[in-house]
Structure formats: C-alpha cells, structure tokens
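Peer 1: Spelled out, the chains give:
2 protein chains.
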Amino acid sequence: MSTAYRALNDGTLPGVLSELPNVRDFLGGAAETWTVEEVGDGNLNLVFIVKGPQGAVVVKQALPYVRLVGDSWPLPLERSYYEHMALSEQARHAPRLVPKIHHYDRDLALIVMEYLTPHVIMRKGLIRGVEYPLFAGHIAEFMAQTLFNTSALAVPAAVHKQRIAAFAGNTELCKITEDLVFTDPYRVAKLNRWTTPYLDDIAAQFRRDEPLKIKVQERKLQFLTSAEAMIHGDLHTGSVMLTPQDTRVIDPEFAFVGPMGFDVGAVIGNLLIAYYAQAGHEERFGQRNPYRHWILLQTENVWRLFSRRFLELWDKSRSGDAYMPELFTEPEGAVAFAAEKQRFMRKLLTDTISFAGIKMIRRILGLAHTEDLESIKDPALRARCERKALTMARRMVLDADRFTGMNEVAHAARAVLGVN
Amino acid sequence: MSTAYRALNDGTLPGVLSELPNVRDFLGGAAETWTVEEVGDGNLNLVFIVKGPQGAVVVKQALPYVRLVGDSWPLPLERSYYEHMALSEQARHAPRLVPKIHHYDRDLALIVMEYLTPHVIMRKGLIRGVEYPLFAGHIAEFMAQTLFNTSALAVPAAVHKQRIAAFAGNTELCKITEDLVFTDPYRVAKLNRWTTPYLDDIAAQFRRDEPLKIKVQERKLQFLTSAEAMIHGDLHTGSVMLTPQDTRVIDPEFAFVGPMGFDVGAVIGNLLIAYYAQAGHEERFGQRNPYRHWILLQTENVWRLFSRRFLELWDKSRSGDAYMPELFTEPEGAVAFAAEKQRFMRKLLTDTISFAGIKMIRRILGLAHTEDLESIKDPALRARCERKALTMARRMVLDADRFTGMNEVAHAARAVLGVN
Numbered sequence: 553m554s555t556a557y558r559a560l561n562d563g564t565l566p567g568v569l570s571e572l573p574n575v576r577d578f579l580g581g582a583a584e585t586w587t588v589e590e591v592g593d594g595n596l597n598l599v600f601i602v603k604g605p606q607g608a609v610v611v612k613q614a615l616p617y618v619r620l621v622g623d624s625w626p627l628p629l630e631r632s633y634y635e636h637m638a639l640s641e642q643a644r645h646a647p648r649l650v651p652k653i654h655h656y657d658r659d660l661a662l663i664v665m666e667y668l669t670p671h672v673i674m675r676k677g678l679i680r681g682v683e684y685p686l687f688a689g690h691i692a693e694f695m696a697q698t699l700f701n702t703s704a705l706a707v708p709a710a711v712h713k714q715r716i717a718a719f720a721g722n723t724e725l726c727k728i729t730e731d732l733v734f735t736d737p738y739r740v741a742k743l744n745r746w747t748t749p750y751l752d753d754i755a756a757q758f759r760r761d762e763p764l765k766i767k768v769q770e771r772k773l774q775f776l777t778s779a780e781a782m783i784h785g786d787l788h789t790g791s792v793m794l795t796p797q798d799t800r801v802i803d804p805e806f807a808f809v810g811p812m813g814f815d816v817g818a819v820i821g822n823l824l825i826a827y828y829a830q831a832g833h834e835e836r837f838g839q840r841n842p843y844r845h846w847i848l849l850q851t852e853n854v855w856r857l858f859s860r861r862f863l864e865l866w867d868k869s870r871s872g873d874a875y876m877p878e879l880f881t882e883p884e885g886a887v888a889f890a891a892e893k894q895r896f897m898r899k900l901l902t903d904t905i906s907f908a909g910i911k912m913i914r915r916i917l918g919l920a921h922t923e924d925l926e927s928i929k930d931p932a933l934r935a936r937c938e939r940k941a942l943t944m945a946r947r948m949v950l951d952a953d954r955f956t957g958m959n960e961v962a963h964a965a966r967a968v969l970g971v972n
Numbered sequence: 553m554s555t556a557y558r559a560l561n562d563g564t565l566p567g568v569l570s571e572l573p574n575v576r577d578f579l580g581g582a583a584e585t586w587t588v589e590e591v592g593d594g595n596l597n598l599v600f601i602v603k604g605p606q607g608a609v610v611v612k613q614a615l616p617y618v619r620l621v622g623d624s625w626p627l628p629l630e631r632s633y634y635e636h637m638a639l640s641e642q643a644r645h646a647p648r649l650v651p652k653i654h655h656y657d658r659d660l661a662l663i664v665m666e667y668l669t670p671h672v673i674m675r676k677g678l679i680r681g682v683e684y685p686l687f688a689g690h691i692a693e694f695m696a697q698t699l700f701n702t703s704a705l706a707v708p709a710a711v712h713k714q715r716i717a718a719f720a721g722n723t724e725l726c727k728i729t730e731d732l733v734f735t736d737p738y739r740v741a742k743l744n745r746w747t748t749p750y751l752d753d754i755a756a757q758f759r760r761d762e763p764l765k766i767k768v769q770e771r772k773l774q775f776l777t778s779a780e781a782m783i784h785g786d787l788h789t790g791s792v793m794l795t796p797q798d799t800r801v802i803d804p805e806f807a808f809v810g811p812m813g814f815d816v817g818a819v820i821g822n823l824l825i826a827y828y829a830q831a832g833h834e835e836r837f838g839q840r841n842p843y844r845h846w847i848l849l850q851t852e853n854v855w856r857l858f859s860r861r862f863l864e865l866w867d868k869s870r871s872g873d874a875y876m877p878e879l880f881t882e883p884e885g886a887v888a889f890a891a892e893k894q895r896f897m898r899k900l901l902t903d904t905i906s907f908a909g910i911k912m913i914r915r916i917l918g919l920a921h922t923e924d925l926e927s928i929k930d931p932a933l934r935a936r937c938e939r940k941a942l943t944m945a946r947r948m949v950l951d952a953d954r955f956t957g958m959n960e961v962a963h964a965a966r967a968v969l970g971v972n
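Chains as they are written, first to last, in this note's numbering: chain A, 553 to 972; chain B, 553 to 972.
For the record, the hints were derived by calculation from the structure and aren't laboratory data. Remember, it's a predicted structure, so these values are computed and weren't measured experimentally. Mixed in with the good hints there might be a few duds.
Note that the list lumps identical chains together, so a pair holds whenever it fits in one copy or between two copies.
Claimed, not checked - Cross-link-like lysine-lysine pairs, in silico, DSBU-like; alpha carbons within 30 Å at most: (1) K742 <-> K652; (2) K727 <-> K868; (3) K727 <-> K899; (4) K727 <-> K603; (5) K603 <-> K868; (6) K929 <-> K868; (7) K893 <-> K742; (8) K868 <-> K893; (9) K868 <-> K742; (10) K893 <-> K929; (11) K742 <-> K603; (12) K868 <-> K652.
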C-alpha cells in the first residue's frame, strides 16, 4: 500500500478535493460549505457524493479490503488504477456512455467523477418495473464500441499485446471472478449462500452436476486464456446508471483483456434474473406480465443491436491485424468474409449465453446476490423465483451452442417461467 | 539499442568471453588460444562456435536487423532477452532437451550456451535420410512438459497472467510470424517467392482461395488472442539438433504465450515437408520409400506420445486454476473429467493439423523456405514435391476438424503423394 494512502471520510475528503483546482472550481464556494454523503452500497469501495454551491461530484475510493466481507479479505488498491485506465479507454470509444472523470489520484486510489443525476442504478429500476426505452440501444452501443475497438479485429497486434500486458496485473480482481463465479457455486465453500432450506436440494444437485461443472470449467479456462478484447468484467445491471433518456456504465474495476461474451453475457444474465424476480415484486399475480414481456424483449434487442453495431464497426474497420480487408477484395472474398463474420457472431452468441447462465447461477448459489431477488421478503416465494432462474441458467450453460438466436433464449425463458 | 551493444566478430569475441570467469574456465587456457568460427546459417543472428583447450561453447548474438534480408529490416535486440527467458523456462520443465546456458548478457544481446556435438540440425538429417529412433519421444516430452506446465491447466491464474505479460513485449518477433506465416502467402507481397514458373498457377489460386484464406485468418486471430501456454513459436526441424541418442530444441526467440497447437503443428508440418521432399533426394525412384514410411510414422508417434504425456501430466497436476480436481472427486465426475480431457485433446489435434498446414504453405509460397525443398536442384522436380505438399497442406487447413487422429493425416498424406 502506498504510504500516502488513507481511507477518507466526510471530514477529510473536502480538504483533499480543495487542493484540486478543477474540482474546487467545479464545486464552487469554500470547502467548508460542501456537503459530503457516503453512499457506497457496492461490495468493495467507498463512494461519496460531494455537493457544492455550483456543482456536485462523485468520489470513489478503493478500500484495501473487500467491503462486503471486511478486512479479513484484503484487496489491492491498484484496482482503482485499472478502473481509471478502463474508464479512460471506454471514454475514447463511447464517451457519452460513461461518467466523465474530473481527477484521478493513484496514491489515494481515488477517482473524482461526474455526479449522475437523476440517474438510478438500473437494477433498482428493474425491481420497480420501470421501462427504459433507450437502454438496449445504449448498452449495445457501449459493448460494440468498447469490445470491437479494443480487439485484435480493430487494432494492430502490437497495440493489442500492449493492452493485454497493461491489464495483466489486475489479477486479484480477476481472481474474485474466477473463484466466486466459476468455482465456489460448484463446491462446498464457506462463502456460498442461498435461500435455505428451499434451495438446499438444487444447490446440492449443482455441486454434483458433472456435465454442468465441466462446461463451467471449460468457460473458466476461456476466461483465463482468451484475450479477445478489453472487457468491463462486471457488467451487471448494478453497473448501469440511467434515466429514460441517458445511460452510463460505471465501475469497470474488473476490467482486463478477456472474452467478449463475458460482458454481453453479464447484461443478458442480469436481465433474466430481473425477469424471474418479477413474481416477487408484483402486487397481484400477473400484474407484471407486460413488464416481464418488456424485459425479455430487451434481451433480444440488446443482442440484435449489439451484433448489428459490432458488424458495422467491423465492416468499416481497416486497421486490425486479423482478417485484413485487403485479403478479401474479390466479390467471392467479400461473400466469404461476410459469412465468416456471421460465424464469428454465432460463436459470440454461444459464449454470451453460456456466460449469462454462469453469472445467473453465481448470483443465487454463490457469495454475492442481487437485490432483484434479495429484496423479496418471503423466502418461499424468493426460492421459487430463484429455482426457475437456476433451471433456465443450467439449460443456457449446457445447451449454449444449440440456441441459434437470442429469441430462442427468450422463448426458453418464457417456457421455464410457466413451469412450476 | 543499448549503448553497450556492438556486433561481435571472431576478433572481438574472445576478449568478451575472457571476462566471464565461468566461461573462461570452461574453455580453459588463454583467450588467444581459442578458435572462433561463425556458423550462423539461420535467418536472424550471429552464431559462433568457440573452442578452447578444455571445452567449447556456442555464442549466439542477435543482430539489430534480419540477417536474411539485411539492415533494411530492423529487428529488436530484445528478442535475445525473450529467448533467454524461454530457454530458462524450458530448462525447468525439460532440462535434458535444451542446451545448457553458460551466460547471458542483455546489453550485448548474447547467450553463451552449450556446444552440442556431434548433433546435427534435424532438417539436414531428414534430407540425408537418417532415422532418429528417439526423436518422437523426445520432442513429445519437450512439448508436453513445456506446454502443459506453462498453461493455466498447471499454474494459478496470477502466474499465468504474469507470464503473458512477461512475453507480451516480444511483439516484433510475433509480427514476423503474423506477416510471413498468416498473411503474405495469401496476397501479392514483395517478399514472397516460389519455384517459378512451375508454381505460378497454384500460388495465384491460393491468393484467390477464399475458404482457405478465411480459415487462415481465423487461425491468425487465434494466434493473436489465445494465451494458452508459453510456446516455442518456431518449432520446425531446423530448431532441433540431435543425434540418434540425444535431442535438443534450440532458438526459442519467437516464444510468447500463445496457442499450443502452433508448436505441435510446426513439428508435424515440417515432418510432412520432409516427407514430400524425399523425391528430390533419392537416387532412384522409390529408394526412399522406407524412409518416407518412417517419417509418416513419426507424425503419428509424435502426436500419440505427446498427447499421452500431456494427459499424464494433467492427471497428476493439482495446481492449475482451470478444472480444479476437487470439483470432480465423485466417480461420475472422474468419468466426465476424463471425457473432457479427450475433448480438449481433440481440439488441440484440430489446431495442430491446421497450424501444420499453414506452416507448410508459408515455406513454399512465402519468404522463408526450407532446405528440404530448396536443396532440390531440378526446379521441375522441386515444384512437383512442393505442389504435393501444398495440396496436402490446403486440405489440412480446410478439413482440420474432420481428421479424428494423426493416422488419418498420415493416410491422407500418403494418398496425396501417390497422385501426380
């Protein structure tokens, strides 16, 4: 840990910010007049909202341990360095879809960034049943821009390798994913939890489900070795802040160069969790049916808009070292290349579906759960939602390569919902 | 370039070596009595044999340009750093299959290593028709040990990522492969050459062969993004020095963390080049038939022994982060895990066959050819050999996933040989 590091609080933060001319000017007035509120409800960090007479900022500071667990689980402050690097890279490709950065302090592991208002965490909106008509297009744009443009399809090999190396040190954050997503839900692990006793049977079944475990380990190996693009690494609906008009992706501290499908799968998997959680949030049976329908439609829209945008970017690109366009200038070459792009997207769809299923399982049988389900007070009702989500997730992992489109996933999700 | 660097010659090398106590003692006597011979016949470096009254060493020094082309093609001296790092790592896993290192000087880009005698470059032995009964076992052992033990199957994720980062800077050597192996043979490129006019037609065909080019580009993307294990990166029969009893792998300056099948494919592809070159080296038609048979048998032996050893290492391993053994302790789990290992090896076989075919093509239509074929004086005869090799190679790239074993590859190779 840097010797300059100290965890800040509402008393000490204004003094630090007042030393930063651009932040001071942005907030306006004297530091003594600023209000500070600690609002971090995530698993890892301190998050402050600081308001001055002219403006407001958010300050995110890493803690040297996992906030969710306590100081028995140390975690490097350097994750803030990777988060800042990822935010900066994302801003180059999708500037309107990430918060602006006012300041970064490596010693304090602290990022001062745009205060987003009246944005809410998307997960909370999904619980309340709010429709976000622009979300699918925005998140599709974010993923297409950040994944395509940081891949070897878009940049020379040397640039790609430089990026791989730049993020290779973010191992401890990756290890959280490796352990909590790909490993612990499939073994007896102290940190696992689930809605007991209702799900004891299915939790035990999953730990003995050899075909499922094999598929998950195959995906873990892919997560460890497939350096496709800079991924956000934790792109669930709690990492999205939005209004009906505006969408921002936050918190890329898990970023590294990994498989693209992990990000797209995170979005799809978390939409499906919201879908299965609706029974816990409706006042009468079926009240949320239109909203359920809307959510499922978003899974299809996200994939459709993402893959269309990704292919548009690929079609326009001339700078990548893989599939150099000059190799395919003949009419037959253009046809073959177009077919290859479709094959590429089909494989990415398969990856996406599998990673989505894996992310759903870990949110129900592993350490970190989601508010969509956790906020359902009645454990029997919650467990019914969770069991359906698990059933769907298992199918997605085992049969990922049998789905030929996201519409088939939505169809299967609907069928599982109907089964009791 | 380091300011301390200077290309050495037989006049200046003894002075440098005499400053190294262990090398001086190993050679014995006074520096003035040492003989120095420059023997480099490779494409990139200076290679000296230095002999003293008590011992001899080989000194390999990188030049700041590609020796084959001249100083118009600069190349970083740092490749010597990666070569030394790879040699050291290989020595940890296969100590008897690489030359011992006496000294490494980063400033001079110079490695002093074991003088191997009476070893010959394997390619020269294959041209003369020499059988090496232990080669298949040795190269299989080398590949299994180095590939398995530097993969995420064998080491924790953090160690794997550290290795990825450690080699990520070796981009310019990787770029040689990316350009000369995966790109140039499929486009009009100044550096391409082939046995003209005999192969003008097939060279043009390959440049227009859209399905072939697509497959090769798919493999190029894999080469750019698949960080499976530390690979040698240039494992052809010119990188093997051997006697009937002893085998050593040299020259890993192209090493980086890439797809395992690229190394195994290099061995298989170069054996097949030797196979098709035999017609150029026999005194009468069919004289080399037994030797042809021996070569093909080696392709099968290499794969069989490699995959057996790789699986043995995997079975014993407990330290990798992917497929942790504790997840598969039940009898059904062991069965499922064993089947998954077979699936893994089948995919590696496919990769191997495809990369082998790609390596064969580049040796006939690209810049760097092999002595197996180049030493055939009669261009018409050489072109007949090369055309068969190209025909086989194309099939291997296009149908890589249809071969279920290396015996089927050998069978196909034999069938192509019979066709005129």
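Peer 1: If a hint holds in the structure, say so; if it doesn't, say that too.
Peer 2: We went through each hint and held it up to the structure:
1. K742 <-> K652: neither (39 Å within a copy, 47 Å between copies)
2. K727 <-> K868: So K727 and K868 pass the 30 Å test across copies only (23 Å; inside, 36 Å).
3. K727 <-> K899: Both: 25 Å inside a copy, 26 Å across copies.
4. K727 <-> K603: neither (36 Å within a copy, 51 Å between copies)
5. K603 <-> K868: neither (43 Å within a copy, 59 Å between copies)
6. K929 <-> K868: Neither, since 50 Å and 47 Å both go past 30 Å.
7. K893 <-> K742: between (44 Å within a copy, 29 Å between copies)
8. K868 <-> K893: within (13 Å within a copy, 40 Å between copies)
9. K868 <-> K742: between (50 Å within a copy, 27 Å between copies)
10. K893 <-> K929: neither (46 Å within a copy, 44 Å between copies)
11. K742 <-> K603: Neither: 41 Å inside a chain and 63 Å across chains, both beyond 30 Å.
12. K868 <-> K652: Classified as within: same-chain Cα gap 27 Å, cross-chain 50 Å, threshold 30 Å.
Consistency with the previously given hints fails for numbers 1, 4, 5, 6, 10 and 11, ordered from lowest to highest.
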